[in-house]
Each structure stands twice: as C-alpha cells, then as structure tokens.
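Sequences are here, hints too, so could you generate the full structure?
Protein chains in written order, with the working numbering: chain S, 119 to 314; chain R, 327 to 472.
Hints may be right or wrong, so weigh each one.
Said to hold, decoys possible - In silico EDC-like pairs for lysine to aspartate or glutamate, Cα to Cα no more than 16 Å straight-line:
hint: 1; chain 1: S; residue 1: LYS269; chain 2: R; residue 2: GLU417
hint: 2; chain 1: S; residue 1: LYS270; chain 2: S; residue 2: GLU190
hint: 3; chain 1: S; residue 1: LYS201; chain 2: R; residue 2: GLU442
hint: 4; chain 1: R; residue 1: LYS424; chain 2: S; residue 2: GLU283
hint: 5; chain 1: S; residue 1: LYS201; chain 2: R; residue 2: GLU417
hint: 6; chain 1: S; residue 1: LYS293; chain 2: R; residue 2: GLU435
Treat the hints as calculated values from the structure; they're not laboratory data.
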Amino acid sequence: MSIHFLRVSLFLFFTLVMALPSFAGQPMEQIRETTDRIIAIVSDPVLKPPEKAEERKRLIRQVVDERFDWEEMSRRSLARHWKQRTDDEKKEFINLFGKLLERTYLEQVGNYSGEKVLYLNETIDESGFGDVRIKIITKQETEIPVRYKVKKNGDGWYVYDISVEGRSLINNYRKQFQRMPYKKLLKQLKAKVTQE
Amino acid sequence: MKKFDIELAVGLFMVAGIICLGYLTIKLGKMEVLGDKGYELQAVFANSGGLKSGSPVVIAGVEVGRVKQIALDDYEAKVVMNLPLDVKIQEDAIASIKTKGLIGEKYVEISVGGSERILEPGDLIRETEPAVDLEQLISNYVFGKL
Numbered sequence: 119m120s121i122h123f124l125r126v127s128l129f130l131f132f133t134l135v136m137a138l139p140s141f142a143g144q145p146m147e148q149i150r151e152t153t154d155r156i157i158a159i160v161s162d163p164v165l166k167p168p169e170k171a172e173e174r175k176r177l178i179r180q181v182v183d184e185r186f187d188w189e190e191m192s193r194r195s196l197a198r199h200w201k202q203r204t205d206d207e208k209k210e211f212i213n214l215f216g217k218l219l220e221r222t223y224l225e226q227v228g229n230y231s232g233e234k235v236l237y238l239n240e241t242i243d244e245s246g247f248g249d250v251r252i253k254i255i256t257k258q259e260t261e262i263p264v265r266y267k268v269k270k271n272g273d274g275w276y277v278y279d280i281s282v283e284g285r286s287l288i289n290n291y292r293k294q295f296q297r298m299p300y301k302k303l304l305k306q307l308k309a310k311v312t313q314e
Numbered sequence: 327m328k329k330f331d332i333e334l335a336v337g338l339f340m341v342a343g344i345i346c347l348g349y350l351t352i353k354l355g356k357m358e359v360l361g362d363k364g365y366e367l368q369a370v371f372a373n374s375g376g377l378k379s380g381s382p383v384v385i386a387g388v389e390v391g392r393v394k395q396i397a398l399d400d401y402e403a404k405v406v407m408n409l410p411l412d413v414k415i416q417e418d419a420i421a422s423i424k425t426k427g428l429i430g431e432k433y434v435e436i437s438v439g440g441s442e443r444i445l446e447p448g449d450l451i452r453e454t455e456p457a458v459d460l461e462q463l464i465s466n467y468v469f470g471k472l
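Below you can see the structure in the form of structure tokens.
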C-alpha cells in the first residue's frame, strides 16, 4: 500500500519536474533566442561595411519574421477598420504594416552599439497570452524598460505588441489609424514604406 | 391654530432643505444610491499615477464610466471600472491612464479594438498603458510617426 503510494507520488513528482521547465521558461527563452540572434547579426564585423547593408537587413528581417505575428499586429492596430476590410485588403495591409514595423525596428536595431539586455521576468496566463519584461541598459547607464506581449500559437510564442517605457506600439498606431479614413491611411502608409 | 400653521411651514421648509442637501451630496460626491447600473471591468497598470476612485473612464473623449476601486495587487495597481451595459469593450481594447492637460487630473482612456470577442462583466482588459508624463511624445519618438 505504502509502496504504491510512494510510486504514485514519485511519478507525479517527476512528471511535474519534467513538465515545468518546458512550460515555465518558454516565452522568455524564445525572445532571448531571437534577440541573441539579432545582436549576433548587428555586431558581426563581416556585415558592417555599407555594401553589406542589404544582406544584413535581409538576415535581421528573417529572424524578426519568425518571432513577430504580423497579422495579429495588423488586426490590433487597425481595430475597427479591420472588420470592414476584404481578405485581399487585409493581406495588402499586413504586408505594408509589416514593412513599416520592420523599418522602424531596423532603424532602432541598426544603431546598436553594445547595449546590454537584462531579462527580468515573464508571466503566462491560461488563455495563451504572456508577457516578457526586459530592460535595455545603454552605454550611458540609462535603463529602458521593454515589455513584449506574446501569444501562443502551437509551440511558439509570437510577439503581437511591444511596450517601451510603458507606451504600447499597437496603441500608438491604432490611435493614428482611427483618426483618418482607411483610404487616406493606406496612401500614407504606402508613401512611408516606399520612401527611402 | 395660527401658530401651528407657521410651525408646519417651517418644518416642511426644513424637510425640503434636507432633501436638497442630500441630493446635492449624492450628486456632487458622485455617489451611487440605488446600486450601480452597468458592469465592471478590471485592468492592471504598472503605475496608476494618482488615479482616484471616481475618476472618469473615457472612450473617444466621451465619458462613459467611472473608476470604482483601486487596489495594490502584486505591486501593481489593479483598477476596477464601472461601465454602462450598452458600452461593449472588445478583448483587444487598450486601457491607458492619461492626464488632462499637462498637470491635470488623471483618467482612464479605453481605445477600442477590432476583436470579435467582447469582454464579459468582471473580465480583465489585458492590454494597458501606465501613467507617464509626456506620453505621446515618447511614443512617437520611439516608434516613429506615420
């Protein structure tokens, strides 16, 4: 009887121990992996010269694409505009908005010069949403708190919003998008994405 | 007989005065007497920036509800808001704490989302922005303006 009980509790203990790390560490590990890969690209001396700029961009884009959920980001920032769009319009917008975000992101990442990234904590809720808090420490020792909002899809956690200093990227665009009719918005977005 | 009439008049006047006083107290104090109509939503902010219970909740600049309660929850501010039943909030709505003017009072602004899922009474608005000074300035600086 007691041996049986011992077995059962040992079994439970091990399943719990085995299950926990794979569940608990997920979003932060995935964000860390992506960030490390991007830092490796931007600090790679081989890719530094200006003629390699395109190659560098392409590599960063590849890594970012794997971690960001462009559709979710587009849906959230278009908000009420989103419902009135046809599937083709949605596709077009996702493509354009993704490009805009990539550009902004690349501009920020392109200025990377050895800033440190601290991984603080992560929270996950049972409905498949999580958030990862990190801190970027610049050379002047200023701390910039950054928060990644992630959503679970299969095994991966995908970023759908980033907050810097508490300001949400999605809310920033959502407010700008709600202020104008969709046509005007699309025109401005196109102009912004194609300008160099 | 005549004396009694005067006393009655004074009494009635006093009662009317007290009723008026009560009405004003409830109105100006923004208290609810007959229970709250509407439903409650929660949101957790990293910093409430001095938001008070009774502060307005605003959508598109229109005051739709009020903050009912603020409490500390795991070192963050948990805010309970009361909203009228006919104002539906989507699951991807974002609640931010804003300031009227530069140093004015704080209020909660909800920017509506596009999700099909509507929040039920008692649900949590998952996306929040804490109170920050010069908020839009920073956000435009960080993410770029369209």
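Comparing the hints with the structure gives:
1. LYS269/S with GLU417/R: It holds: about 13 Å lies between the C-alpha atoms, which stays within 16 Å.
2. LYS270/S with GLU190/S: 12 Å, holds
3. LYS201/S with GLU442/R: Holds, at roughly 9 Å.
4. LYS424/R with GLU283/S: 14 Å, holds
5. LYS201/S with GLU417/R: 14 Å, holds
6. LYS293/S with GLU435/R: Holds: LYS293/S and GLU435/R sit about 12 Å apart, inside 16 Å.
Violated hints are absent here; each numbered hint is respected by the structure.
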